[in-house]
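Peer 1: Just so you know, the protein sequences line up as chains Y and E, in that order. Numbering of the first sequence is given in our numbering, commencing with residue 1 and proceeding in unit increments. Numbering of the second sequence is given in our numbering, commencing with residue 1 and proceeding in unit increments.
Calculated directly from the structure, the hints in this document are not laboratory data. Being a predicted model, the structure only gives us computed values, none of them experimental. Worth double-checking, as some hints may not be accurate.
Identical chains blur together in the list; that is why a pair holds if it fits in one copy or across any two.
Stated by the list, open to error - Below 30 Å or equal to it, Euclidean Cα-Cα: the simulated DSBU-like pairs (lysine-lysine) are:
id	residue 1	residue 2
1	Lys27	Lys129
2	Lys358	Lys384
3	Lys392	Lys288
4	Lys38	Lys103
5	Lys470	Lys421
6	Lys126	Lys27
7	Lys103	Lys208
8	Lys288	Lys63
Number of protein chains: 2
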Amino acid sequence: MENNQIKNDAITRQEDDFAQWYTDICKKAELMDYSPVKGFIIYRPYGYAIWEQIQNYLDRRFKETGHENVYMPMVIQESLFKKEKEHVEGFAPETLIATIGGKEEIEDRLIIRPTSEVLFCDHYAKIIKSYRDLPKLYNQWCSVVRWEKTTRPFLRGAEFLWQEGHTMHETEEEARSEALRMLEIYDDLGRDVLAIPFSTGIKTDKEKFAGALETYSIEAVLPDGKALQSGTSHYFGNGFSKAFGIQFQTREGKLENPYQTSWGVSTRLIGATIMTHGDDNGLVLPPKVAPIQVIIIPVAANKPGVVPAAKEIAKRISNLGYRVKCDDSDKSAGWKFSEWEMKGVPLRVEVGPRDLEKEQVILAKRNTGEKIICPLSELDTKVKELLEVIHKEMYDKALKYLLEHTTEVHNLDELNAALEKGGYAKMMWCGDRACEDKIKELTSATARCLPFNQMPFGDTCPVCGKKATKVVLFARAY
Amino acid sequence: MENNQIKNDAITRQEDDFAQWYTDICKKAELMDYSPVKGFIIYRPYGYAIWEQIQNYLDRRFKETGHENVYMPMVIQESLFKKEKEHVEGFAPETLIATIGGKEEIEDRLIIRPTSEVLFCDHYAKIIKSYRDLPKLYNQWCSVVRWEKTTRPFLRGAEFLWQEGHTMHETEEEARSEALRMLEIYDDLGRDVLAIPFSTGIKTDKEKFAGALETYSIEAVLPDGKALQSGTSHYFGNGFSKAFGIQFQTREGKLENPYQTSWGVSTRLIGATIMTHGDDNGLVLPPKVAPIQVIIIPVAANKPGVVPAAKEIAKRISNLGYRVKCDDSDKSAGWKFSEWEMKGVPLRVEVGPRDLEKEQVILAKRNTGEKIICPLSELDTKVKELLEVIHKEMYDKALKYLLEHTTEVHNLDELNAALEKGGYAKMMWCGDRACEDKIKELTSATARCLPFNQMPFGDTCPVCGKKATKVVLFARAY
Numbered sequence: 001m002e003n004n005q006i007k008n009d010a011i012t013r014q015e016d017d018f019a020q021w022y023t024d025i026c027k028k029a030e031l032m033d034y035s036p037v038k039g040f041i042i043y044r045p046y047g048y049a050i051w052e053q054i055q056n057y058l059d060r061r062f063k064e065t066g067h068e069n070v071y072m073p074m075v076i077q078e079s080l081f082k083k084e085k086e087h088v089e090g091f092a093p094e095t096l097i098a099t100i101g102g103k104e105e106i107e108d109r110l111i112i113r114p115t116s117e118v119l120f121c122d123h124y125a126k127i128i129k130s131y132r133d134l135p136k137l138y139n140q141w142c143s144v145v146r147w148e149k150t151t152r153p154f155l156r157g158a159e160f161l162w163q164e165g166h167t168m169h170e171t172e173e174e175a176r177s178e179a180l181r182m183l184e185i186y187d188d189l190g191r192d193v194l195a196i197p198f199s200t201g202i203k204t205d206k207e208k209f210a211g212a213l214e215t216y217s218i219e220a221v222l223p224d225g226k227a228l229q230s231g232t233s234h235y236f237g238n239g240f241s242k243a244f245g246i247q248f249q250t251r252e253g254k255l256e257n258p259y260q261t262s263w264g265v266s267t268r269l270i271g272a273t274i275m276t277h278g279d280d281n282g283l284v285l286p287p288k289v290a291p292i293q294v295i296i297i298p299v300a301a302n303k304p305g306v307v308p309a310a311k312e313i314a315k316r317i318s319n320l321g322y323r324v325k326c327d328d329s330d331k332s333a334g335w336k337f338s339e340w341e342m343k344g345v346p347l348r349v350e351v352g353p354r355d356l357e358k359e360q361v362i363l364a365k366r367n368t369g370e371k372i373i374c375p376l377s378e379l380d381t382k383v384k385e386l387l388e389v390i391h392k393e394m395y396d397k398a399l400k401y402l403l404e405h406t407t408e409v410h411n412l413d414e415l416n417a418a419l420e421k422g423g424y425a426k427m428m429w430c431g432d433r434a435c436e437d438k439i440k441e442l443t444s445a446t447a448r449c450l451p452f453n454q455m456p457f458g459d460t461c462p463v464c465g466k467k468a469t470k471v472v473l474f475a476r477a478y
Numbered sequence: 001m002e003n004n005q006i007k008n009d010a011i012t013r014q015e016d017d018f019a020q021w022y023t024d025i026c027k028k029a030e031l032m033d034y035s036p037v038k039g040f041i042i043y044r045p046y047g048y049a050i051w052e053q054i055q056n057y058l059d060r061r062f063k064e065t066g067h068e069n070v071y072m073p074m075v076i077q078e079s080l081f082k083k084e085k086e087h088v089e090g091f092a093p094e095t096l097i098a099t100i101g102g103k104e105e106i107e108d109r110l111i112i113r114p115t116s117e118v119l120f121c122d123h124y125a126k127i128i129k130s131y132r133d134l135p136k137l138y139n140q141w142c143s144v145v146r147w148e149k150t151t152r153p154f155l156r157g158a159e160f161l162w163q164e165g166h167t168m169h170e171t172e173e174e175a176r177s178e179a180l181r182m183l184e185i186y187d188d189l190g191r192d193v194l195a196i197p198f199s200t201g202i203k204t205d206k207e208k209f210a211g212a213l214e215t216y217s218i219e220a221v222l223p224d225g226k227a228l229q230s231g232t233s234h235y236f237g238n239g240f241s242k243a244f245g246i247q248f249q250t251r252e253g254k255l256e257n258p259y260q261t262s263w264g265v266s267t268r269l270i271g272a273t274i275m276t277h278g279d280d281n282g283l284v285l286p287p288k289v290a291p292i293q294v295i296i297i298p299v300a301a302n303k304p305g306v307v308p309a310a311k312e313i314a315k316r317i318s319n320l321g322y323r324v325k326c327d328d329s330d331k332s333a334g335w336k337f338s339e340w341e342m343k344g345v346p347l348r349v350e351v352g353p354r355d356l357e358k359e360q361v362i363l364a365k366r367n368t369g370e371k372i373i374c375p376l377s378e379l380d381t382k383v384k385e386l387l388e389v390i391h392k393e394m395y396d397k398a399l400k401y402l403l404e405h406t407t408e409v410h411n412l413d414e415l416n417a418a419l420e421k422g423g424y425a426k427m428m429w430c431g432d433r434a435c436e437d438k439i440k441e442l443t444s445a446t447a448r449c450l451p452f453n454q455m456p457f458g459d460t461c462p463v464c465g466k467k468a469t470k471v472v473l474f475a476r477a478y
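I would like the entire structure built from these sequences, with the hints used as guidance.
Peer 2: What follows is the structure in structure tokens.
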């Protein structure tokens, strides 16, 4: 096991400096590059292709559940933006504002969208008249801008790519179901595509989205022990509806304000994937999103027949519907092993003259380094099987880490110890904002969510000592 | 023939006011809506879905020809934007500029990208070192902003969706081939997907893109006689390469500047499609891009068995891989006929009790109004056949119009008459800018392109009387 792993000296080791390891991977695996404008990154082909796989999955799921795509303007007039008070207060400090158009000053300045709630609401006010027009289930794929001071590739940037769903419903109940349904799709994406076990739950009032009544989220615990909010789904009630004058005639002929949700995930998921699975040799990509799922490498490529055989095998695996590449460049096999390991390709097929004589190839799993001798006659089934196994192993490993880094705590000392160990400190909570604030003040940890799966393990809040009925996950977070 | 067409009074007739007809269609078929910011439109689901079909086709073609998708920032520093002189002069008057970020003034102001040549060049300067790194074949799907004074839905807007390809090559020859290859893909899109016969050719120096050595274009002639530039592909030589210091080591070990192309089409193609095919009853969509290809309408829906039969037929056609909808709403069949005609659905299936007794349905072609009785047993093959026939008929009709509106002219009187008739005035030209300017001054027509298919039909320039060897198409244009 793992004896084939060639040290990639160019990448900082995780244990030496996890943050630097992450940046090294992002750059050296050619996922991104910095642009001339601080905080704005370039999504390079290998990074963008991961996003395309995420998009393909989600877009299909959204459409299957009746959602339609739209595209709203990238700018919002400042006067319109200010219509919903809490919302504007949440975003105002980090907006990019355009003030000059065609060399002239713009009177009502244009905010480059940080999110599009107000644009959707303004539109919905025009097109929703009756219960017959509901639900409206719209989604948008676009980029948004948040003028952040501290940025990290994929995790926090001045501009990122995302999807934002915005829906309107006849009833509160239907809107709440929608918000939860979409969170479930995000959770499926984690489990079935990214091999990430997300924790799902509801945010505390302190942590919820500006203007939302309830925010649900998917949270990941990363190998440095920090939590990462990886997607959110909001139930708004009819607050925006009222602010924007959206009204519909009910089945009973009355006028009411519809109930709203919004939900989104972004290219931050690329960051979550890199961190969750990567190792000191580089990226380890889950098969479902890997731009290249199988890399074919000729060994002793100068020997007659090797390269043609490698190409033939590439074609054969491609015909099975997998994304495959044969690296027949003039580099050494060792260099190629190291390069494609660094780029995280889930499965490597080594095609060498001796193995070909025996009508076999060597398969190597990126996630474990394990090598398997495979008769050519069994290649098709073996590739399919191994890619499934790799996904499962990656998910299981991440789940094991998550469980090992979820610690039930009963007092502040245990809370501190759990946070030092990394991951979630799982705590009973009285529900008071004051206790939440105090934890942040003492430890810099924040409440990530009240998990849906509430299994009380005590009845006292460790901060104030009062009665506690809620289970909450605290963690230091990105 | 056409006896089933129900007058849609809400839409202005083409002959009464073509521009108003167009705006009516855009709004009433729910393709778009105006946003609160002048010139910025909302791409509504039915309009955006057409764009998604165009994207699907092009993205597949781009990838098949070796292109990779990337995403560059939406902002360009003013100092960077100014690096290529002609380019900045071409775009400066219509830029939107952000000057405030996070409540502070931005020193090097940020231009919201009108196009991304400079961003790609800045990136290429970092990642291209050797001939081994070439070609670079990148494409980007995004929106761009041009601060236009006069805007029209899809045709000219402050923000539009597009793709922009930016490629770098070892040799001039390879770059020129690339520019032409991509134009060919656009031409294929017209013929095979949009049912629009584009004219393809090269722009005059006066009309070419800011900074390009050569601009190739696809041009459409619309039913109001105006031409519409529908896509362009540029050969840049190595001018930007030099300005941005992009160098590569050649196979001979020398340092050279690579040769560049860029090419793009936008949501303007939706406008071209609406105008080319629409009629007084509304949209007529080519089957390949229609969000709904087949609409199933129950007739006498209150009769037992009709709605279930209609749904069954919808399912059957959906299983063939077509985009289909069964309208079982409580509106009258007549209202539905009119509604889905207005929305341009290529094929209607009428499912009524009498026909069901005879084990048949009625098929109605949107483009001609023709009705066909179809035994249920033949439905699958008939739907497939008719959708192909409809595409062909739509293309042929547009081609006929194009040929009838391409007039060879030998003097200024004929030129004027041809322009009055509408479409192209096809003219022999000496090649002098002065003559081109004069035509614009006299007639407001511009040179659309020198068609690739040059078939000289004279040897005298009608403006100056000098020797002319080039065939050029003039037209009044959007």
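Peer 1: State for each hint whether it applies.
Peer 2: Outcome of the hint check:
In the homo-oligomer, the alpha carbons of Lys27 and Lys129 lie at most 30 Å apart only across protomers (16 Å), although the nearest pairing inside one protomer, at 50 Å, exceeds that limit. Taking CA atoms no more than 30 Å apart as the test, Lys358 paired with Lys384 passes inside one copy only; the shortest distance there is 22 Å, against 50 Å between copies. In this assembly of identical chains, Lys392 and Lys288 lie within 30 Å of each other by CA distance solely inside one copy; the values are 11 Å within and 39 Å between copies. For the homomeric pair Lys38 and Lys103, the shortest alpha-carbon distances inside one copy (24 Å) and between copies (16 Å) are both at most 30 Å.
When the C-alpha separation of Lys470 and Lys421 is checked against a cutoff of 30 Å, the pair qualifies only within one copy, where the shortest distance is 23 Å, while the shortest distance between copies is 77 Å. When the C-alpha separation of Lys126 and Lys27 is checked against a cutoff of 30 Å, the pair qualifies only between copies, where the shortest distance is 12 Å, while the shortest distance within a copy is 46 Å. Within a single copy, Lys103 and Lys208 get their C-alpha atoms only as close as 40 Å, which misses the 30 Å cut-off; across copies the closest is 24 Å, which meets it. With identical chains, the CA atoms of Lys288 and Lys63 are at most 30 Å apart both within one copy (20 Å) and between copies (19 Å).
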